[in-house]
Structure formats: C-alpha cells, structure tokens
Amino acid sequence: SSAGLPYDRETVIAENDVFAFVERHRVELAAYAEELAPEAVRNAKPVRLDGDVTFDFAAPHKEFLEVEITFDAGGETITAAEIARARREDVRALIRGSLWIDVTDPQFGWLDDATLGPQGRILVTKLELLRIRGSLRGRPLFRGDATCERMFRLFDEVQTDVDAPSPASFGIDLYGYQQTGYQWLWLLQQNGFGGLLCDDMGLGKTHQAIALIRALTHLDRSQSVLVVCPTSVIDHWREKLARYIPDAPVTLTTYGLVRSRFEQFRGKRFDLLVLDEMQTIKNSDTATHHALRGIEKRIAVGLTGTPIENHEGELHALLDFVVPGYLPKHVDDRMTLQRLVRPFVLRRTKAQVLTELPPKIVDQRFCELTSEQRTLYRRVLEARARPLRAKLRAGETISYVHIFAALNYLKQICNHPASVGGGFGGESASSGKWELFLELLDECMSSGLKVVVFSQYLQMLRLIEGHLFPNDIGFAPIK
184 SSAGLPYDRE
194 TVIAENDVFA
204 FVERHRVELA
214 AYAEELAPEA
224 VRNAKPVRLD
234 GDVTFDFAAP
244 HKEFLEVEIT
254 FDAGGETITA
264 AEIARARRED
274 VRALIRGSLW
284 IDVTDPQFGW
294 LDDATLGPQG
304 RILVTKLELL
314 RIRGSLRGRP
324 LFRGDATCER
334 MFRLFDEVQT
344 DVDAPSPASF
354 GIDLYGYQQT
364 GYQWLWLLQQ
374 NGFGGLLCDD
384 MGLGKTHQAI
394 ALIRALTHLD
404 RSQSVLVVCP
414 TSVIDHWREK
424 LARYIPDAPV
434 TLTTYGLVRS
444 RFEQFRGKRF
454 DLLVLDEMQT
464 IKNSDTATHH
474 ALRGIEKRIA
484 VGLTGTPIEN
494 HEGELHALLD
504 FVVPGYLPKH
514 VDDRMTLQRL
524 VRPFVLRRTK
534 AQVLTELPPK
544 IVDQRFCELT
554 SEQRTLYRRV
564 LEARARPLRA
574 KLRAGETISY
584 VHIFAALNYL
594 KQICNHPASV
604 GGGFGGESAS
614 SGKWELFLEL
624 LDECMSSGLK
634 VVVFSQYLQM
644 LRLIEGHLFP
654 NDIGFAPIK
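Just so we're on the same page, the numbering used here is the position in the sequence shown counted from 1, plus 183.
Source of the hints: derived by calculation from the structure; they are not laboratory data. Every residue, glycine too, gets a C-beta built ideally from N, C-alpha and C.
As a list, the in silico DSS-like pairs of lysine-lysine whose alpha-carbon atoms are at most 25 Å apart:
#1 K543 x K633
#2 K465 x K533
#3 K480 x K309
#4 K480 x K451
Simulated DEER-style distance windows between Cβ atoms:
#5 A197 x K451: 54 to 62 Å
#6 R322 x E272: 24 to 32 Å
#7 P432 x T308: 25 to 33 Å
#8 S349 x R548: 23 to 31 Å
#9 S638 x E551: 15 to 23 Å
#10 P348 x A203: 55 to 63 Å
Let's have the full structure, built from the sequences with the hints guiding it.
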C-alpha cells in the first residue's frame with residue numbers, strides 16, 4: 184500500500200514506533216476503508232499534553248494535599264488518575280476518540296509512585312506536588328485552596344505578599360531586592376523547605392540570612408540556629424550576629440570544625456542550618472559534606488555567590504542537601520531541570536539590581552597568619568625590633584627610617600613571605616591572606632565580575648600575575 188504495508192499478511196508495528204508511524208502515515212491511514220482500520224486508527228491524532236494543566240485542590244489535610252490534576256488534550260479532558268492507571272497496566276496509548284496520548288511520556292514518570300485517593304484525586308505532600316509541577320510542561324491553572332495556589336506561584340515569580348515580620352521592626356534595614364530575598368526565604372521555611380540564595384558577591388546574602396534568623400528567633404525564642412561558614416568569614420559573621428542578634432540562640436562554627444569535631448553536634452537538632460559559601464561542599468563525596476549531612480535540622484539554607492546553574496552536578500549536590508530527595512536522579516532535559524529548581528534557587532546579579540545598590544558596599548574579610556608566617560614574623564621582631572627597643576630604653580635617638588623598615592618587613596610577611604625576598608620564603612611558602620585572596624578571586628571570576636587589586640609592593644603584584652597567567656585569567660597591569 185502507499186503506507187508500505189503489504190495486504191497479504193499481518194503487519195506488526197514495534198511498540199516504540201507506533202506514534203511515529205501513525206503521525207507519518209496519517210493521510211494514508213485516513214483513506215483506508217473501515218474494514219481495514221478502525222476509526223481510532225484512520226483518524227488518529229497523536230497529541231502531546233503541553234497545554235493547560237489544572238490543579239484542583241481540596242481543603243488540605245494535616246500531612247497531605249488532595250488534588251485532582253487534569254490535562255487539556257485538544258478539547259478532551261484527561262485526568263492524571265487515568266494516565267496513572269494506564270501506566271500501571273502497561274498500556275502505551277490512552278485513546279480518547281481519535282486522540283492518542285502517549286502515557287510513557289517522561290513528564291508522567293512521577294505517577295508510578297503516586298498515591299491515588301478517592302474520586303481520582305492524588306494524595307501528595309507539598310514537596311511532592313512541587314516536583315510534579317516542575318515535571319509537567321503545560322501552563323498551570325489553579326482552583327480550590329488559595330494557600331496552595333500562592334505556594335505554587337513560586338514557579339513563576341518570587342512572592343512578596345507573605346506575612347513575614349518586617350526586618351526594620353528589629354533594626355535591620357534591607358534594600359528592596361534584599362527584602363524580596365528575605366521574604367522568599369521566609370515563605371520557604373514556613374512551608375518546611377530549604378533553599379539556595381545565590382546572589383552575586385557583594386549583594387548582601389549575609390544580611391538576608393540574618394533577617395531570617397532574627398525573625399525566627401524573635402517570634403519563638405526556642406528556635407535553635409546553626410551557622411557554618413569558612414574560617415575566612417567567621418569574624419564577619421560574628422560581628423554581624425553580635426550587632427543584629429546579640430541575644431539569640433545561634434551557634435557559629437566553621438566547615439573544618441564540623442568535620443573534625445562532629446561529636447559536638449551529634450544528638451542535637453537545629454531548627455535552621457545556614458551554610459555560607461556553600462560551594463565549599465559542592466562535592467558530595469567529601470568528609471565535610473557527609474558530616475553536615477549527619478546534623479539533624481528542620482530546614483537548611485545555602486548561601487553562595489558562585490553561579491551553579493551551569494554546573495548540573497554541583498547544582499544537584501547542593502540542592503539535594505537543602506531539599507533532600509526532591510530532584511529526580513535523572514532529569515531528561517535542561518528545561519525540565521530549570522522548572523524543577525526554580526522554586527528553591529534565587530539568584531540576582533549586580534546588573535539586575537544595579538539601580539538599588541549604594542555607591543559602595545564594604546565587605547571586610549579577615550584571615551589569620553599561618554604557622555610559617557608567625558615564625559617569620561617573630562624572627563623579624565627578634566632581629567629588628569629588639570635592638571630598636573634597647574636603644575629607646577637607653578635614651579638614644581633612633582631614626583624613624585629604621586622603624587618604618589621593620590614595619591615594612593612585617594607587612595610584607597603578612598601579605599606573603601615570598602614577597603619579602605632575601606630568603607624569607609619562596610612561592611611555595613604559605614599565607615593566610617593569599618589563600619583568602621584566591622578564594623575571593625575565584626568567586627568573582629565565577630560571577631563574571633571585574634576586579635581591581637591594589638598593593639604598594641611590586642613583588643606582591645608579580646606574585647599575583649604569576650597566578651593569573653597560568654590560570655588563563657586576563658589582566659591589565661598598571662605601573
């Protein structure tokens with residue numbers, strides 16, 4: 184025949200090819216006599232359920248939501264319950280009149296584990312329903328319970344109409360975009376969810392997280408909070424907590440201490456776990472990541488200025504930490520992944536909020552000398568400062584040139600021992616300030632920022648150039 188089917192014997196189309204075959208030979212099949220092909224085949228119209236999806240919510244139960252999900256299939260209405268039953272009966276196509284619906288479509292994979300309630304409704308938790316919403320391609324329509332509808336609008340916009348306490352009422356002033364971030368965090372935790380706040384470096388992720396901590400502990404003094412951060416920013420957190428939350432039950436520690444002193448946290452439960460510079464645990468196989476997994480918490484919030492949207496493995500590891508079990512192990516396409524993560528990841532760049540930024544943001548970071556630096560520091564004090572002090576005690580007049588020379592050596596040792604020269608240490612020498620510089624530089628480069636680095640010491644600038652060139656980081660020296 185014109186469709187390539189012989190009339191003298193039975194023809195079997197492979198199951199996986201049925202939809203493509205019907206679509207390809209629709210015109211030929213339509214011309215067949217009724218004796219050769221039934222109506223459903225002659226006028227078959229394969230459809231993809233990409234149209235409107237209606238979520239009709241019943242009043243929420245204590246633990247579960249009861250929702251009927253229906254799909255618009257070219258004028259026909261198909262329920263999720265019908266698709267679920269077809270999948271469980273190994274039916275490939277759900278046929279309604281001339282419409283053929285492929286129930287093996289990956290967007291319906293979640294139905295295999297769904298609990299079907301009375302009257303064809305589905306019983307799910309909030310998190311499960313968010314996963315469903317992210318898996319479906321169609322435009323969502325909502326009916327019924329308004330609370331559920333507001334939560335689901337997280338997919339389309341960041342909510343600002345939430346009943347969050349005003350940070351200004353307890354002395355924390357936020358810019359407009361920071362207020363939005365705080366309200367987003369508040370809505371997530373009110374529904375029992377964690378999230379990833381991924382604003383560009385310098386946009387005040389710490390302040391947004393502190394506003395959340397302050398609001399929680401202000402409303403309920405029994406709320407316990409654990410903040411984990413790199414050693415390089417612990418003084419920054421200590422200063423902010425002392426300023427804004429001096430009397431709240433907040434425990435502050437570092438990633439290294441969690442790893443090495445995990446027994447101190449065993450058996451404790453925290454209502455909120457805040458992980459600053461969360462990219463530190465982007466590798467889920469590390470001891471630090473496993474140690475943090477062992478801390479019992481109600482919700483976790485991660486802060487990172489490093490873009491994670493282009494690194495699917497890192498995104499999966501970090502999101503799975505703050506929203507455990509949410510992401511499927513395998514996501515078929517990038518658009519589906521973007522839909523799934525949208526409610527739980529908030530990222531604003533400086534370009535997006537530029538009109539709200541002040542003329543300058545000061546973000547001080549602190550670091551400590553390494554043991555090698557301390558040894559060199561003491562050696563200079565011994566060799567240069569002691570003779571000067573002896574002369575001063577003897578009443579001698581000394582030149583300030585000698586004092587400035589000693590201070591100059593000490594400052595260069597604090598930068599990097601290799602910048603001093605004269606046998607004070609090669610480029611392999613350790614430096615706390617250098618390690619912090621590399622950490623900040625990596626964060627800035629990952630965010631596509633331009634950086635200006637100042638140093639009064641030419642040798643220090645040469646050390647920096649020696650790092651930039653082999654790492655393919657373009658730079659323009661100013662001399």
